[in-house]
Structures are given as C-alpha cells and as structure tokens.
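Visitor: Residue numbers (my numbering), protein chains in the order written: chain A, 1 to 308; chain B, 1001 to 1255.
It should be emphasised that the hints constitute simulated quantities derived from the structure, not laboratory data. All of these numbers come straight from a predicted model, not from anything done at the bench. Beta carbons: idealized from backbone N, C-alpha and C, even for Gly. A portion of the hints provided could be inaccurate.
Here are some, though not all, of the chain B residues that point toward chain A, as calculated from beta-carbon distances under 7 angstroms [what the hints assert, rightly or not]: (1) Gln1105; (2) Ile1107; (3) Gln1187; (4) Pro1216.
Listed next, with one range per pair, are the computed distances between beta-carbon atoms [unchecked claim]: (5) A/Ala241 with B/Leu1067: 24 to 34 angstroms; (6) A/Ile91 with B/Asp1140: 41 to 51 angstroms; (7) B/Asp1140 with A/Leu112: 34 to 44 angstroms; (8) B/Ile1234 with A/Leu112: 17 to 27 angstroms.
Stretch by stretch, here's where chain A covers chain B in the computed footprint (C-beta under 8 angstroms, at least three residues) [unchecked claim]: (9) 1117 to 1125; (10) 1165 to 1171; (11) 1222 to 1232; (12) 1238 to 1247.
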Amino acid sequence: MPLLQSADWPLLIDLYFFLAGLAGGAFVIATIAHLVGGPRSREVVRVGYYLSLLALIPCPLLLVVDLGIPSRFLHMLMVTKPDPTIGAAAINIGPFHIKLFSPMNMGAWALLGFGVLAFLAALSVFLEDAKRGRNLWALRTTVGVIGGFFGFFLAAYPGVLLGATARPLFQNASFLGALFLAVGASTGAAAIALILSFLGQEAGETLGRLRQIIIPVLLLQAATLALFLLRVGMSGGEGAAQSLALLLSGPYSLVFWVGAVAVGLIVPFALQVASRQPGLAAISAALILVGGFLVKYVIIAAGQAVLS
Amino acid sequence: MARTVAMFTDVSLCIGCRACQVACKQWNQLEAEEPEWTGTYQNHAHFTDKTYRLVRFMEEKDDKGALTWNLMSDVCKHCAQAGCLEACPTGAIYRTQYGTVNINQDICNGCRYCVSACPFGVVAFNHDTGRASKCTFCNDRLHNGLGPACAKACPTESIQFGFRDELAAKARKRVEELKKMGYKDAQLYGEDQNGPLGGLNAFFLLLDKPSGYGLPEKPRLPQNNVFVDSLLSIGSALLVGVGALVAFRERGGKE
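Excised from the complex, chain B in its bound form (with noise of 0.2 angstroms):
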C-alpha cells in the first residue's frame, strides 16, 4: 500500500469563490444542474450524484446579532472507517492503495444502502446510471501523480493535497497561529486518526463548531451498532421460541 494521501481544507482561507465545485465537475465531466434557491448562496442544497465538490454558505448570527458566514468546501472524507464502505453488500465500495474510498461502477448494482449509510450525506443515487456516485478523489489523477482537481483551482490554497501525515502536521501549525490570531473556536475536523471513524482523509480546519458547517459534532460509524443490534434480536428470539415451545407442547398445556 502506497502512503496515504489526504486532502486538507482550511475554512479560514475560503473566498467561496467556488472554483473547486467548478473544476470538480470539469475534470469529472458531471453535468451542470437546475440551481435551487436554497436560502443562501449556497447551491446545491446538498451532496448529489453530479456534486462532488459543494460549497456551503452556513449563515450564523455572531455576538452582536449581526450575520456571518461560515464558508467551506465540502466533500467526501474518504474516512479511515468508511460507513458507506462497510455496508455496500457487493464489495462495490473498496479502499484504495493511498488509502481513499472508491465506488467501482462496474461492481455496483444501485441498491442506495450507502446513501443512507454515509454519516456526512455524502453518497447519492444516479437515476441515469442506476448506480451511486460520490467524489473519487480524483482517482485518475492521483495515478498519474496529480492531485485532485478542487485543490489544484483552488486560488487561496484553501484546500491542500499531500501526505496525510505531512498535512496534519501542517493542519496542527495552523490551527495554533490562527489560536494566537484570536480565532478561539479554530479547531481541526477529523484530523485525529484516534478519533471519530479513526480519522478522516479529507480533514478540515473549521472557525467554528463542527454544526456550524452542518458537520455532524460525533460521526458515529453506523456498522458499530450491527453487534448490539444483533444481540437484542437474539433476545427477542429467545422469547418467541420459548413462547412458542411452551403453546405448542403436547401435555400440560392450559387447553
């Protein structure tokens, strides 16, 4: 296995200029779709199967009541321990040499368990294909040596592409100086391969709570609760089969 790559974005250099969200589906020839008034200036509302790369416009009311906004260029975190990766039932959903998650298409068979399996809403269904769709990580690229192409457009190096260790080095540095800057809520998202889903390999430097960005505070991987699950309908079996036994049985019954 090759070393693992990650992507880092840092929301304090976001300009929302979206060219990220432009060259994504430039590179990944996705078709342009009906804009939706969302509200804000955020389009689309979400993740869809011709949106890789979605910047949000979080609109937040600082101190004074004034409006802010928390800009960020989303995408898929090609998490450490991947929910959509885990549930796929046709091994459609593989991990990568550098460590990313991949959906091969000529595997998956559009059953949209990941969909509803991804804590971040990050995987959507392709009505054209049949199939689920999500941010490749530019695998072609990475290949061929490049990085993907949001961090390549990105004009602020806003987002950044490299080594995962590398990056996280740098992601802890920065976080510091902005500290020291005054931004007292900087903290970085997925960065801790201790942490949630065992870290993220698209991680984040958020000015703000996780909510804030409409990240969830503790992605949960869903699959940990298959073995509690499992053991309470164990239970329930228990009950229906001794009730059965005790209905059913030839002599003593209350007939």
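Here chain A stands alone, though its shape is the one from the complex (with noise of 0.2 angstroms):
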C-alpha cells in the first residue's frame, strides 16, 4: 500500500456538504415548482427558496473556519499577487482566479453565485408574502432557473471535490458527485416536507407531490449508492479494497449499514410507499434528513481513515 496523507477534514465540513446540498437540493425542488406547480404548489416554492437560504447561511462560515488561516479566505477567490503557473486549466483575470480542474475553487465561486441568487429569491418570496412586489414572476424565474443550476453545482461538487484526490475510496468512486446530488434532492425535498407538515398548511396535497418526487430521489440516492460502491470494488486501485472493506465490515460499518441504509434510507423508504399519512410523512422526511448526513459523513471518515 503506498503512503498517503489525508486532509483529515473534520465534522464541520461533513456539516457544510450535507447543508449546502440541502440549500441547492431545496432551491431546484423550488424552482421546478415555481415553474411548472401553478398555485397548488405555492408553499413548496416559499418553504424551499426560505429553507435554502437559511440553509446556506452558516456554509461559509464553517468553511472559513476549518482553514488553517479563516483570515485568508478570500485567497480562495483573489489573490493581490497572482502567479500565472498554478495550473492547467487555470484562468487568472486581474486578481481572480478561477480553476477549472480545482474543485474546491469552482465550489467557491459556486458558493458565492449561489449566495447571492438564493437571496434574490428569498427576497422575491418575502416581497410577495408584504404584498410589496410587482411583477415577481419574471425575476423569480430568471433567478430560479440560473440558480437552479448553481444549487445542481453546489449539491454535486463536494463528491467530485473528494473524487479528485489521491485517496483510494474517492480516487476510484467516479459516482461521488451523483449520489452527493441525490442526497441534497433528497435531503432537500424532506426539510421542505417536514416543515410543511409542522406548518400544516395544505398539509395533504402538497405533501403527496412532495412524495412524488421523494420517492424516486431516494431511489436514484440507493442507486447511486450502489454504484459507488460497485465501482470502488471493482477498480482494482491500489488501496480501494481495503478502505472499501472500512466502510462494509470495518470500524465504520455499523453506522453505514444501520445509520446511512437501514434507518437513513429503506425505512424512510418502505415509510413513503406504504403510508400517505402526514405523521408518518413528517418521520419519513426526518429520517431522510439523518441519512442524507450520515451517507456523507460516514463514505467521508472512511475514506480519510488511515490505511494500513
């Protein structure tokens, strides 16, 4: 086994994956349902482009501080002495620089584009609810749809982030991006669920479209989920079947099985199918919320884990 080194990233950017793929999770399901819900699906759209916002605020600051110098967060973005060697895919325009084989700096950008389009919409849902606005339509939905895209991003990015390291679990995954996506739409849709039946506005209807698209996100998450871990142990990479082995039957296993598949997705799962009552609705969403972190947070820790 060749001698790796990890980034050892701690539970707080566990926190900001799973948050950050909520708020862009939440802000698609928004967007879709401005677009095509008509005014049956009016409270999806307020709870989602809220949700998502409220969602996103503490995201930078957890990354801010994880760093070994917060002062220096900008560097992420601009530089005020930019070297033109820093890659190969690099584009330095006066200060900035953006990479495009960087993750973790197009995630940055990505960050601060979505900050700023999911507090146009959060906007757009308060000036409504003040009876204030005009001609909301066309702003929400230039808004919504380019934001859309950004909330894609967001929720994606962190799996192709760890994808581009060196260390085995990731290195040799390919689907970490997807199964992040499906855990933010997932994760997404259930916050906006759970609200709404403590809301109890409307509760029936919109939670059955709700259901509607849980249903088959948490079916594409499973999906996912199997194909990363297909891939991982079929690669034959030097060192995946070991760290693949700490998540399946290792010190990790348990919360994998029992936390992230057992209570984080089947029986949020069987839940949906079975019943379409609000209570049981309302536990699904929870548990779906539990799984969405667990899911990352555990694939995380066992993919940094020392490997003999």
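Starting from the two chains in their separate frames, assemble the complex, guided by the hints.
Guide: See below:
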C-alpha cells in the first residue's frame, strides 16, 4: 500500500457538505414547483426558497473556520499577486483566479454565486408575502433557473472534489458527485416536507406532491450508492479494496449499514411507499435528513481513515 | 523558463545514513520531531510538515526467506503534472521557472486539499503555521546556483542534482549497467516523460518493484477524474430534474 496522507477534514466539513446539498436541492425543487406547479405548489416554493437561504447562511462560516488561516478565506477567489503557473486549466483575470480542474476553487465561486441568487429568491418570496412586489414572476423565474443550475452544482461538487484526491475510496469512486446530488435533492425535499407538515398548511396535497419526488429521488440515492460501492470494489485500484472494507465491514460499517442504509434510506423509503399519513411522512422526512447526513459523513470518514 | 532541473535518487547506492534527511532539516531550519517506533529503522513513518526528506527502510523477505532492506531516500517528486498544484484552490502552489513545484506560504490558507490530492503522501499540514508544507527543492539554493542540500550532503552520490535531460540519460545508462550486474528488477521510476504524471522531476532508480519502496505502481493525476465524475453528476441532475417536473406538473399528475 503506498503511503498517503489525509486532509483530515473534520465534522464541520461534513456539515457543510450536508447543508450545501440541502440548500441546493431545496432551491431546485422550489424552482421547478414555481415553473410548473401552479398555485397548488406555492407553499413548496415559499418554504423551499426560504429554507435554501437559511441552510446556506452557516456554510461560508463552516468553511472559513476550518481553514488553517481563516483570515485568508478570500484567497479561494483572489490574491493580490497572482502567479501565472498555477495549473493546467487556470484562468487569471486581474486578481481573480478560476481553476476549472480544482473543484474546491469552482465550489467557492459557486457558493458565492448561489449565495446571491438564493438571497434574491428569498427576497422575492418576502416581497410577495409583504404584498410589495409586482411582476415578481419574471425575476423569480430568472433567478430560479440560473440559481437552479448553481444549486445542482453546489449539491454535487463536494463529491467531485473528493473524487479528485488520491484517497483510494474517493479516487476510484466516479459516482460520488452523482450520489451527493441525489442526497442533496432527497434532503432538500425532505426538509421542505418536514417544515410543511409542521406548518400544517394544506399538508395533504402538497405533501403528496413532495412524496412523488421523494420516492424517485430516494431510489436514485440508493442506485448511485450501489454504483459507487460497485465501482470502487471493481476498480482494482491500489488500496481500493482495503478502504472499501473499512466502510462495509470495518469500524465504519455499523454507521454505514444501520445509519446510512437501514435507518436513513430503507425505512424512510418504506414509510413513504406504504403510507400517505402526514405523521408518518414527517417521520420519514426526518429520517431522510439523518440518513443524508450520515451517508456523507461515513463515506468521508472511511475514505480519510489511515490505511496500513 | 529556465532549463528543467531534477533530482535523481539511485537506491543502489543508498547506505541509509540519513545525511540527506539531516541536511534538509538543517538548511530548511525544520525542527526536530519526537522519534516514533515504526517497526523498522525508518523514522518517521511518513513525511511531515517538518520532514521533507525521508529515508525509507522497507523490510522485504528475499527468495530464501531472509530479511533484506529496501533503502530509498524519498522526497517530493515535483511531478510534471502535479495533483497538489492542480488541486490548490488559492493558486498558492505554483510551478517555478526550473520546473519544480512550490507552495507560496504567503498565499496558502490551510484548506489541506493538496494533502489529500498528492498521490505520494508528500504534502503535510503544519498545525503551527496553519499552512501546507513540503520539499521546496531548496528553492533558495536553486536561485543561487546551488543544488538542493540533500544532494550536496549525500556521501555516496545516491542523490544527484542536475538538468533533467542530462540526469535522465545518466539514469538510463546506470540501469543498464545494474541489469548486466544481475539486478534483474532494476528499473527507473518517474524518468519517462510520457509515463505517469508526465514524468517526475525527482525520479528514482529502484532495485525492486515500486510497491517494495512504498511507491504507488501506477500513480494517477487525481484531477483526471473531474470530467467523468462531473458528467455522472449531470446525469444524476437530469434525473432529479425530470422527476421533479413530473411530480409538480399541474395537470395529468396521479393525484
């Protein structure tokens, strides 16, 4: 086994990946509900955009706190004296730099862009609630569609970021971005459903529509998770089998099988399919959130663990 | 750009004296660290933020079951396609005019992405300064016409410094000599500029397969995954988008 080192990203980063995915997923669902849902989906749009902004607010703080030198957070986007030789696909524009093959750099830009758009979307909801705005439809559609692309990016890029490391569990994975995107969509939809069932507003019908997206997205989450495991297992990469064993039968297996798979994926899926009762839908939504966090946490923890 | 420089480490000449490791610490003013028991004479177990040169004492069993040493003075490979450099979101890691890879300590903000992205486990995080650090190829010496301190200190010329093309020719000649002497597994690691990572600017002559020295057999540039992983993410996004459109469309739903 070649000797590798690990960034040892702590729980803060797992939490960021979870919240960023949730924010992106909720935003995309709100945008689609806004575009095709008509008046019956209004609550999904309202809650989705508000939730997206709220979930996003802690994100930059989590990232900045984790840095070795937090005051240099702006270096992710710009430096006063840029070097021209910082990578194959690096673009320097004045003090700014865009590194197309550094997902962390691209993610920092996406976070900035999504932050602006999530704020504008939430503002449009606020203005509508205050009956201040006119012709908000056009603004919201523009912001919603562009922000939707950013939302997808924000949900998926952490997986691509992990894939672009030398850690065997990530490097041989291919499907981490796809998995993280599915988790972002499932947690985003579940969080909206949970809030709506607490608010109790026209819960029945709106929850029914959310149920129709939650079920296929959970299936996608299960499929991408299975493809991820298969891909790593069959890659034959150095250390891949060993790091996969840590996840599936080693110290992380309990959290993975019980937390991320059974409690966080199978049980909520069964609840969604078996029953339309709002109480059970709320429990299912809560479990999806737990599972969405755990699946990211446990994969990152197992992938960063020391290999002998 | 100046002519690319290189370090050539010939393990057949290494006697495990660790003069390189000490010279590196002294020139770069790196603190001493607590020794740790690794089960062999090797100290430390891996590169740290204060150990840029590390002599590996890999213990292998030979055909008769007797213990043999694979000695190798390991260092940052200064890859032609460097995972750390491509990963760095701040542009702190740059390629110098000599073809080496360096971390600009005035820019690094301690995100630690490069630590995970190095295929050789070279880059380490310094908790005291909050920045990543690794071998600088003695950038300061280089700018003053001197080779790196490790190569200067090596008493057996196991570590040689020079222009890359000249050193590579020398290395190819040396490996032929060793093969004639009966070292059938003698091979060059990282000398080939068409090979993995576009060649290494610190390349090695090994007497065993790379894994016998704790080196990856086929190091890969981690960023090669970005394109495919992104395409699969887009596929996932399309499925979510279509699913949401079906679920929320106003008419024809299964309500």
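Visitor: Decide, hint by hint, whether the structure agrees.
Guide: Cross-check of the supplied hints:
1. Gln1105: 10 angstroms, violated
2. Ile1107: 5 angstroms, holds
3. Gln1187: 16 angstroms, violated
4. Pro1216: 4 angstroms, holds
5. A/Ala241 with B/Leu1067: 24 to 34 angstroms: 27 angstroms, holds
6. A/Ile91 with B/Asp1140: 41 to 51 angstroms: The hinted range 41 to 51 angstroms is violated for A/Ile91 and B/Asp1140, with Cβ atoms some 30 angstroms apart.
7. B/Asp1140 with A/Leu112: 34 to 44 angstroms: 36 angstroms, holds
8. B/Ile1234 with A/Leu112: 17 to 27 angstroms: 21 angstroms, holds
9. 1117 to 1125: holds (count 9)
10. 1165 to 1171: Per the Cβ count (0), the hint is violated.
11. 1222 to 1232: holds (count 8)
12. 1238 to 1247: holds (count 8)
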